[in-house]
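Start from chain A and add chain B according to the hints.
2 protein chains.
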Amino acid sequence: MIDKLIENIKKTNAPIVVGLDPMMKFVPEHIRQAAFREYGETLEGAAEAIWQYNKGIVDAVYDLIPAVKPQIAMYEQFGIPGMIAFKKTVDYCKEKGLVVIGDVKRGDIGSTSEAYAVAHLGKVQVGSKAYGAFDEDFATVNPYLGSDGVKPFLKVCKEEKKGIFVLVKTSNPSSGELQDRLVDGKPIYELVGEQVAAWGEECMGSGSYSYVGAVVGATYPEQGRIMRKVMPKAFILVPGYGAQGGKGADLVHFFNEDGLGAIVNSSRGIIAAYQQEQYAHFGEQGYADAARAAVVAMREDIAEALNNR
Amino acid sequence: MIDKLIENIKKTNAPIVVGLDPMMKFVPEHIRQAAFREYGETLEGAAEAIWQYNKGIVDAVYDLIPAVKPQIAMYEQFGIPGMIAFKKTVDYCKEKGLVVIGDVKRGDIGSTSEAYAVAHLGKVQVGSKAYGAFDEDFATVNPYLGSDGVKPFLKVCKEEKKGIFVLVKTSNPSSGELQDRLVDGKPIYELVGEQVAAWGEECMGSGSYSYVGAVVGATYPEQGRIMRKVMPKAFILVPGYGAQGGKGADLVHFFNEDGLGAIVNSSRGIIAAYQQEQYAHFGEQGYADAARAAVVAMREDIAEALNNR
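These protein sequences, in sequence, are chains A and B. Going by the working numbering, the residue at position 82 of the first sequence is 82; the numbering climbs one at a time, nothing skipped. Going by the working numbering, the residue at position 166 of the second sequence is 166; the numbering climbs one at a time, nothing skipped.
For reference, chain A alone in the conformation it holds in the complex:
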């Protein structure tokens, strides 16, 4: 799947992933009202609203981008109907040829981590049959429990040709509370990054990248520069661009000389672009066109930064 991700990036010339994190306050009134008319103000109504909203965005941007990253929490909060909307979104994006990164941040131990890996990347055995449950292409994984938590994911990735992104240095202000603490003079995120590089050695795609990637926030460009060297073969998933403050110029350190090795996420900066002054002229009805315009602007911002480095 790392090969498909790279192929999609080359095809679109855009190392961009659109975060499908549909908060209700982003969903235009006309979509919300239509869903509530059909299902009432229920969890089903909310799930229908976010699904229709997502579908509009995907239809408007799929030809410009290599990948999407639905954030499962935004669906999980709407219970079973929300999880159905998540699954519909995953399936629809895959039909459109997009690589789907499930932002699930799962992580547990042993057989439990294996169950999460199976849930999101693998197939579960039921009697003589096997089924994919949510069946994303990549999943994000939390490393706090150590390699017991990560190795079951690697096993499933090998079998299914899928991939993971391990949380290394997250984009939030308090990420340093734990991740920046020094162990023998080295920050914890760097230790985790070294593990990512080691896990990746045995998990190589057909080119020069492994399918064990890392999450490093755009809000920490200096750390991105260091981690780029620590994990030369890992793809870096970079959240925090746009709404969280990361800029195109901050991103160059996350890429390798080949122009690859990073994929930059923007969520509300794209999907709720119509709520920003810059794109307000699209209006609520034009939210999907606004998202498309925001993708084009983001692509240019990153291309310019990479050209100027």
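These are computed hints drawn from the structure, not numbers from a lab. Cβ coordinates follow ideal geometry from the N, Cα and C atoms, glycine included. Heads up, a few of these hints could be off.
Unchecked claim - Covered stretches of chain A (chain B as the covering partner; in silico rule of three or more C-beta atoms under 8 Å from a C-beta of chain B): (1) 33-44; (2) 91-100; (3) 139-149.
Relative to chain A, chain B alone:
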């Protein structure tokens, strides 16, 4: 909810939580076959099998125990039908008066962490209505992302009178890879424990315990002893008893002098007791009675250890 947990522990005289982690290989043949006859070898069939299996166990043990801990990964791997079985299990256990600890190990940042908190402990707003999605009583939370990831849970806990258990020192062999690393001479799990104690200061139940608890594995009794002192007001959820190797005598350090402060989890040791030599005479058909016998034995093991300290 911490008050109810303590009340339930006093009532049952058993600081025990039964881990409802239904792997298919634990489910007796007759339950599996009945489910497959009705739904085929499908995700629905698997979900029906684990739900019926759970129900049998809960019916057999609910009067002996204060709480259950369903491990969501074991349901998530069966997709939407699995999530429905999870929700049915949560609801059924609550009807039986049990405290439900959702072992979800979620953790993200800002609005995403809030969405997880809402999904598992709170209510989500849909237009003018509000709904609980999965609606457990407690949830387990991963601290790798720092306080940005935990505070949204605290907010929801305050509003809804619920609680969390933060991963501090997990029970698995490789938990030390990250958690034991020394920062200024102190292991990381202790730093996280100090945060748990600080978060708990503002989140007190009506007695002497906070509703911000911690997870510390039974497999690390020495660390349990230290963490008991670092977090005197935190309830400690102790996994790793039984199948993972923790014994009654290892557990005394996790309790305070009042005999409270810890709740010990056993999963397969209870729910798959019939597969152990000691309880094999119950047979597959008697799996629920075997679980009851295993709960009684565990209760005695812990009581004896506490009496002998």
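Verification of the hints:
1. 33-44: Since three or more residues must qualify, the claim that chain B covers the stretch 33-44 of chain A holds, with 4 doing so at under 8 Å.
2. 91-100: violated (count 0)
3. 139-149: With 8 residues in contact (Cβ-Cβ under 8 Å with chain B), the coverage given for the stretch 139-149 of chain A holds.
Hint violations for this structure: number 2 only, all remaining hints satisfied.
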